[in-house]
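Q: Read off the chains here:
There are 2 protein chains.
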Amino acid sequence: MNDKVLLAHGSGGRLSHDLIEKYFMPRLDNPILNRLDDSAVLEMKGRIAFTTDSYIIKPVFFPGGDIGRLAVCGTINDLSTSGAVPKYLSLGLIIEEGLPIADLEDIMASVSETAKEAGVFVVTGDTKVVDHGSADGIFINTSGIGIIPEDIDISGANAKDGDKVIISGTIGDHGITVMAQREGLKFTVPVESDCAPLNGLVSDILKVSANIHCLRDPTRGGLATTLIELASQSGVGIQIYEDKIPVRDAVRGMCEILGFDPLYIANEGKMVIIAGPEDADIIIDILRKNRYGGDAAVIGEVTSQQKGRVVLKTGLGSSRIVDMPAGDLLPRIC
Amino acid sequence: MNDKVLLAHGSGGRLSHDLIEKYFMPRLDNPILNRLDDSAVLEMKGRIAFTTDSYIIKPVFFPGGDIGRLAVCGTINDLSTSGAVPKYLSLGLIIEEGLPIADLEDIMASVSETAKEAGVFVVTGDTKVVDHGSADGIFINTSGIGIIPEDIDISGANAKDGDKVIISGTIGDHGITVMAQREGLKFTVPVESDCAPLNGLVSDILKVSANIHCLRDPTRGGLATTLIELASQSGVGIQIYEDKIPVRDAVRGMCEILGFDPLYIANEGKMVIIAGPEDADIIIDILRKNRYGGDAAVIGEVTSQQKGRVVLKTGLGSSRIVDMPAGDLLPRIC
Chain V
1 MNDKVLLAHG SGGRLSHDLI EKYFMPRLDN PILNRLDDSA VLEMKGRIAF TTDSYIIKPV
61 FFPGGDIGRL AVCGTINDLS TSGAVPKYLS LGLIIEEGLP IADLEDIMAS VSETAKEAGV
121 FVVTGDTKVV DHGSADGIFI NTSGIGIIPE DIDISGANAK DGDKVIISGT IGDHGITVMA
181 QREGLKFTVP VESDCAPLNG LVSDILKVSA NIHCLRDPTR GGLATTLIEL ASQSGVGIQI
241 YEDKIPVRDA VRGMCEILGF DPLYIANEGK MVIIAGPEDA DIIIDILRKN RYGGDAAVIG
301 EVTSQQKGRV VLKTGLGSSR IVDMPAGDLL PRIC
Chain Z
1 MNDKVLLAHG SGGRLSHDLI EKYFMPRLDN PILNRLDDSA VLEMKGRIAF TTDSYIIKPV
61 FFPGGDIGRL AVCGTINDLS TSGAVPKYLS LGLIIEEGLP IADLEDIMAS VSETAKEAGV
121 FVVTGDTKVV DHGSADGIFI NTSGIGIIPE DIDISGANAK DGDKVIISGT IGDHGITVMA
181 QREGLKFTVP VESDCAPLNG LVSDILKVSA NIHCLRDPTR GGLATTLIEL ASQSGVGIQI
241 YEDKIPVRDA VRGMCEILGF DPLYIANEGK MVIIAGPEDA DIIIDILRKN RYGGDAAVIG
301 EVTSQQKGRV VLKTGLGSSR IVDMPAGDLL PRIC
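Heads up: the sequence lines are chains V and Z, in that order. Number 170 in the working numbering belongs to position 170 of the first sequence; there are no gaps in the numbering. Number 12 in the working numbering belongs to position 12 of the second sequence; there are no gaps in the numbering.
Next comes chain V alone, as it looks inside the complex:
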């Protein structure tokens, strides 16, 4: 009967309480959340990282993940970029009236599984329901808190001349997968979203190198936009080599057919690492041992030339400035 989400599920009344008790608490169960006060109470000491992201991806389910996994991974990865150990998440749902309850259950199962995989707890939440036509299925906001170990100082402003630029794996998988889903395209070689929590991978490399200067996950705007941001924030130039950047054949093929550049396609399970050159080899070794870092590669270096800019050296030996895209190649990719 009630196989769809109703406006009343967001009312704060009895149906809201039922939704929380029946579908959310069994999945998210932990002593902090279980208090059910308006705020979670956490013990903290030292520096913490705090971040927020809303997820509006379309479609909600896609090969390699769904909006639930994405919402947990995205915020975990943002926390990880400051070198923090992610600990606690909030979960804010905006649901369109009429969303199948079965979809909500699948999404909550993903949230729960991904949080367990990453070792984080959802400690506070909120559910709102809007009338049919006033949203598109479900939007999720996750905010997150992580603890920054004492000796860590990682920021987009810390890249230094001579540093190496590393990517933890192939680029473009997420964006191309979601677009293919949306457009109903068929691939001969299947491609999946890379959507993954990278806190383990980051913690692995921080254990072996004290010379990691910047971490950033190249999501919206892709690797190109991320590198331009880092070059600008640090006031340095970045030079990258086209033929060192790992791209799957299926992604490269799709990009060629459609006129996209993989540099601008979103990733949801990759990390850009800028580190002192002396540690590049050990970082690559460690990344490749991680389940999410098998295709890690050094793709370029930081220079003192062309400050604030990213220069791409092509396979043919020519150079071009990498521009920040004005707008969207692919809207609603995350």
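In case anyone wonders, no lab produced these hints; they're calculated from the structure. Errors might be hidden in some of the hints.
[As the list claims (entries may be wrong)] The following label-pair restraints were derived from C-beta to C-beta distances:
| no. | chain 1 | residue 1 | chain 2 | residue 2 | range |
| --- | --- | --- | --- | --- | --- |
| 1 | Z | Gly46 | V | Gly253 | 51 to 57 angstroms |
| 2 | V | Phe61 | Z | Gly162 | 27 to 33 angstroms |
| 3 | V | Glu117 | Z | Asp281 | 50 to 56 angstroms |
| 4 | Z | Gly235 | V | Asp18 | 17 to 23 angstroms |
| 5 | V | Asp261 | Z | Pro59 | 39 to 45 angstroms |
All residues carry an ideal CB built from backbone N, CA and C; glycine is no exception.
Following the hints, complete the assembly by docking chain Z onto the known chain V.
A: Chain Z alone, transformed into the frame defined by chain V:
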């Protein structure tokens, strides 16, 4: 030309950066946000409160406030219910393509003013844009972090037999105001939303009483739902007196005409306080001196009877059990 929000403003590319630089940073400027890393870095020690809420109110502008003020107040008030001193907010925007930039500017001005009034900083944010028809104007998520002073232990589970139940002012103002806006109703007596940050009020009463056991802001579901939650969480009964509950004439009149009960109408600037009876007078004195507590009143008490239930004594001396509403009286009120 660009007087409306475009999909490209949410792309992560150049237009996203322009939007942030032009409209957000000047309003929200603070050293933590200005780093522009993916996570804010905060120094913390001891217990912190962490909470999240999404705001989907319709219409976005209403007498007494707008979605920007509401989003800041709502999360500040949730933090305050744990006795925390609110410190930092995140701001997650989901904007429908086509929202007038002028509206966005007004909303950001409200966010900024309300944050200043309450002494909190927006330290991290995110902006997503969805295609026209996939959202309704703008939705805002705010998550917040506050610091809980050492000697504070406030929870919905702490109400004790004999405690007094206090409300910080008139009920129903917010819900009735928003409904009147939406329905185009005209009042002879004007009514405004009570939307306000209550951290100052909470801090005032915590200074004079060590016997405050529960704090909760009666938003969705109104005073009735909040009291039922507290009775249930604490395993106590709550008895309230109809003629002691402050209600504005205009709100009472509207409720009578439309068949609503003010007990169930949302508030956005009120606090329910449950405290030891010995401190009720001083708490009322202090509340009434605060700009948001002028109509504060003791409205009932905690009992050991009818555990988990709220009983209303009417003006005529009869009693009735106050039920939790199943669904929405007024959807999209916050």
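Q: Determine for every hint whether it applies to the structure shown.
A: Results of checking the hints against the structure:
The given range of 51 to 57 angstroms is respected by glycine 46(Z) and glycine 253(V), whose C-beta atoms sit roughly 55 angstroms from each other. Between phenylalanine 61(V) and glycine 162(Z) the C-beta distance comes to about 53 angstroms, which lies outside the given range of 27 to 33 angstroms. For the hinted restraint 50 to 56 angstroms between glutamate 117(V) and aspartate 281(Z), the CB-CB distance of approximately 54 angstroms keeps it satisfied. Judged by the Cβ atoms, the range 17 to 23 angstroms given for glycine 235(Z) and aspartate 18(V) holds: they are separated by roughly 20 angstroms.
At roughly 42 angstroms, the beta-carbon separation of aspartate 261(V) and proline 59(Z) lies within the given 39 to 45 angstroms, and the hint holds.
Checked against the numbered hints above, the structure breaks only hint 2 and satisfies the rest.
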